[in-house]
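Assemble chain B onto chain A, guided by the hints.
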Amino acid sequence: MSKILSIENLNVIYRIPEGRRHVLRDVTLSLEKGQIRAVVGESGCGKSTLVNSLIALLPENAVIESGRIIIDGTDMLGSGQSNMRKLRSSKLGVVFQDPFSALDPLYTIENQMAETINIIRKTNRKRAMEKTAEMLEACGIRNPEEIMKKYPHELSGGLRQRVMIAMALLNEPEILVADEPTTALDVTIQKEILQLLKKLAADRQLAVLFITHSLDVAAEIADSISVFYGGRVVEEGRIRDIFNFPLHPYTQALLKTIPSIKYGKNERKLMPIEGEMFSFLNETSGCSFAPRCPYARKECFEKDPETRMLNGHSCACVLEEVW
Amino acid sequence: MKEVLIEVSNLTRTFHSGDKITKALDDVSFKLYRGETLGVVGESGCGKTTLGRCLAGLLKPDEGTIVTKANGYQIIFQDPYNSVDPYWTVESIVAEGLKNRKEAVGLLEKVGLSRQEKNSYPHELSGGQLQRVGIARALGTNPDFIVCDEPVSALDVSYQSKIISLLEDLQREQNLTYLFISHDLAVVRHIADRIMIMYKGQIMEMGKTEDIINDPVHPYTRFLLSAVPSPFEEKEEFTVRNDRIETGGCPFAPRCPYRKERCLSERCSSREIAEEHQVACFLTEE
Numbered sequence: 000m001s002k003i004l005s006i007e008n009l010n011v012i013y014r015i016p017e018g019r020r021h022v023l024r025d026v027t028l029s030l031e032k033g034q035i036r037a038v039v040g041e042s043g044c045g046k047s048t049l050v051n052s053l054i055a056l057l058p059e060n061a062v063i064e065s066g067r068i069i070i071d072g073t074d075m076l077g078s079g080q081s082n083m084r085k086l087r088s089s090k091l092g093v094v095f096q097d098p099f100s101a102l103d104p105l106y107t108i109e110n111q112m113a114e115t116i117n118i119i120r121k122t123n124r125k126r127a128m129e130k131t132a133e134m135l136e137a138c139g140i141r142n143p144e145e146i147m148k149k150y151p152h153e154l155s156g157g158l159r160q161r162v163m164i165a166m167a168l169l170n171e172p173e174i175l176v177a178d179e180p181t182t183a184l185d186v187t188i189q190k191e192i193l194q195l196l197k198k199l200a201a202d203r204q205l206a207v208l209f210i211t212h213s214l215d216v217a218a219e220i221a222d223s224i225s226v227f228y229g230g231r232v233v234e235e236g237r238i239r240d241i242f243n244f245p246l247h248p249y250t251q252a253l254l255k256t257i258p259s260i261k262y263g264k265n266e267r268k269l270m271p272i273e274g275e276m277f278s279f280l281n282e283t284s285g286c287s288f289a290p291r292c293p294y295a296r297k298e299c300f301e302k303d304p305e306t307r308m309l310n311g312h313s314c315a316c317v318l319e320e321v322w
Numbered sequence: 000m001k002e003v004l005i006e007v008s009n010l011t012r013t014f015h016s017g018d019k020i021t022k023a024l025d026d027v028s029f030k031l032y033r034g035e036t037l038g039v040v041g042e043s044g045c046g047k048t049t050l051g052r053c054l055a056g057l058l059k060p061d062e063g064t065i066v067t068k069a070n071g072y073q074i075i076f077q078d079p080y081n082s083v084d085p086y087w088t089v090e091s092i093v094a095e096g097l098k099n100r101k102e103a104v105g106l107l108e109k110v111g112l113s114r115q116e117k118n119s120y121p122h123e124l125s126g127g128q129l130q131r132v133g134i135a136r137a138l139g140t141n142p143d144f145i146v147c148d149e150p151v152s153a154l155d156v157s158y159q160s161k162i163i164s165l166l167e168d169l170q171r172e173q174n175l176t177y178l179f180i181s182h183d184l185a186v187v188r189h190i191a192d193r194i195m196i197m198y199k200g201q202i203m204e205m206g207k208t209e210d211i212i213n214d215p216v217h218p219y220t221r222f223l224l225s226a227v228p229s230p231f232e233e234k235e236e237f238t239v240r241n242d243r244i245e246t247g248g249c250p251f252a253p254r255c256p257y258r259k260e261r262c263l264s265e266r267c268s269s270r271e272i273a274e275e276h277q278v279a280c281f282l283t284e285e
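As you go down the protein sequences, you meet chains A and B in turn.
Those letters in the first sequence? Residues 0 to 322, per numbering that gives the first Met the number 0, in order.
Those letters in the second sequence? Residues 0 to 285, per numbering that gives the first Met the number 0, in order.
Think of the hints as simulated: they come from the structure by calculation, not from any bench.
Below are the DSBU-like pairs computed for lysine-lysine, each with C-alpha atoms no more than 30 angstroms apart in a straight line:
{"#": "1", "chain 1": "B", "residue 1": "234", "chain 2": "A", "residue 2": "32"}
{"#": "2", "chain 1": "B", "residue 1": "30", "chain 2": "A", "residue 2": "264"}
{"#": "3", "chain 1": "B", "residue 1": "199", "chain 2": "A", "residue 2": "264"}
{"#": "4", "chain 1": "B", "residue 1": "207", "chain 2": "A", "residue 2": "261"}
{"#": "5", "chain 1": "A", "residue 1": "268", "chain 2": "B", "residue 2": "30"}
Listed next, the stretches of chain A that the computed footprint assigns to chain B, with coverage defined by at least 3 CB atoms under 8 angstroms from CB atoms of chain B:
{"#": "6", "region": "212–221"}
{"#": "7", "region": "246–259"}
{"#": "8", "region": "272–283"}
Every residue gets a Cβ at the ideal spot worked out from N, C-alpha and C, and that includes glycine.
Here chain A stands alone, though its shape is the one from the complex (with noise of 0.2 angstroms):
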């Protein structure tokens, strides 16, 4: 397998009245062709600033301050705007989580994915036609001809996500960006763009960043997971070894956290995180976790954790217990 993106110890700055926030803090991450990866974490963690770090939207207080994003070779910061510019929209695709506001009310479906088509390869209509019809057909739409005549208002929810990743499929990139994609869709919808996801990222080799708040939705769909809290990256592995063998204190806490399918009334304990949930606004030093995790110690407070590996699987965490 080809590594196609690799973010290395990128930091990301904010600056506000108050000062500067640091919202994320050394995260490294990579994925291979056909390889889906599931980003975890709870509001505020920092997901959201990676995936705009990605596609170049951070907001103007926002600047990356050091760290490489290496998509199919090239590092993506150290290239000039324009450039920059031609690689992303040819590699990288993105779906959002709200279908409804990324799509633009005025224009028919067909209207707004020739666009996609023309600003990149400037092709006729009739060519522009056929890729939407057949991308949208890969995407598991069974009558496009009709679907690309409609308005968005006039699509269910689970439609125009499907629009949305065909949409972002449309000039073949090798990674696909999805920010929480099925967040907004019922579970039955759910699970149909998971098991499309997947088929895409087996038939084209598509790599997949997948973000999500739900450990559930990411065993269902991904191989690896990228665990966010504070910022940081603090757990990695396959998606197994992250479910069995949890190694940080957030992680562990996480999945004791979350009501499971599988125990009823009086079964379980839901055993919640205590404390309140990290925020950037007041910036601690040492592990973000720190202040919640039952086991932290003073060297917690005092230094970054740092990460260390094993068989595949890291862990950002000081304490020896956990290994």
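Then chain B, alone, in the frame of chain A:
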């Protein structure tokens, strides 16, 4: 012997928008027992919120009756930010419905908020803390029945379990009865004694939580359960059709793989197939 707290019979509610008529509730009948949690599960548009609002007195049904022995009923909403006034302090929000304003502090403490937090404004609190305010407000009138309309869906997972545990503790202490509306079957499995599965305004199946999760009978319930993500579990693959046909009978018939002709023309009434287990499907006749 279980005491029936609320008996709902033939509840119907339609919404009109232009020429389109939507039956949000279509002849819904069931009983709620005192002290239990009844989970109401279904996808968007199945009528679960309309049902909750009818039971909380926020909507008038077109037809049908709700006979209740409850001394007061309350509702907790899904989105804690949009269900409170942003210009009021937390204490005022809870005190509004109370005769004696001083009780508000006690209620806030009961749901796990500290004295300092009573003077906070909603934007100063996290979603989890604000949902506690919503719960304190609901407890203010001493209800014995509370409609919980997706109370944890908008919260981050690390807050979800705290709110669920709080609701469970309050139920135990005050013998509360909950109608717990959710689209998340894992949450409902955890909290509910019984589950009601709704589809397009009708009850498809209803029974004890264990029976619904382990031995679902209605094809729609099986379809819904097959879609729930649950790590590393072998699950039933349940494939549905996608026929665009009109149905005057079972609302799930156009998608049901076991469909027979009569499913499209005749409404199947609920049959009791085991103790406390009702299913509205002709398959159960065979």
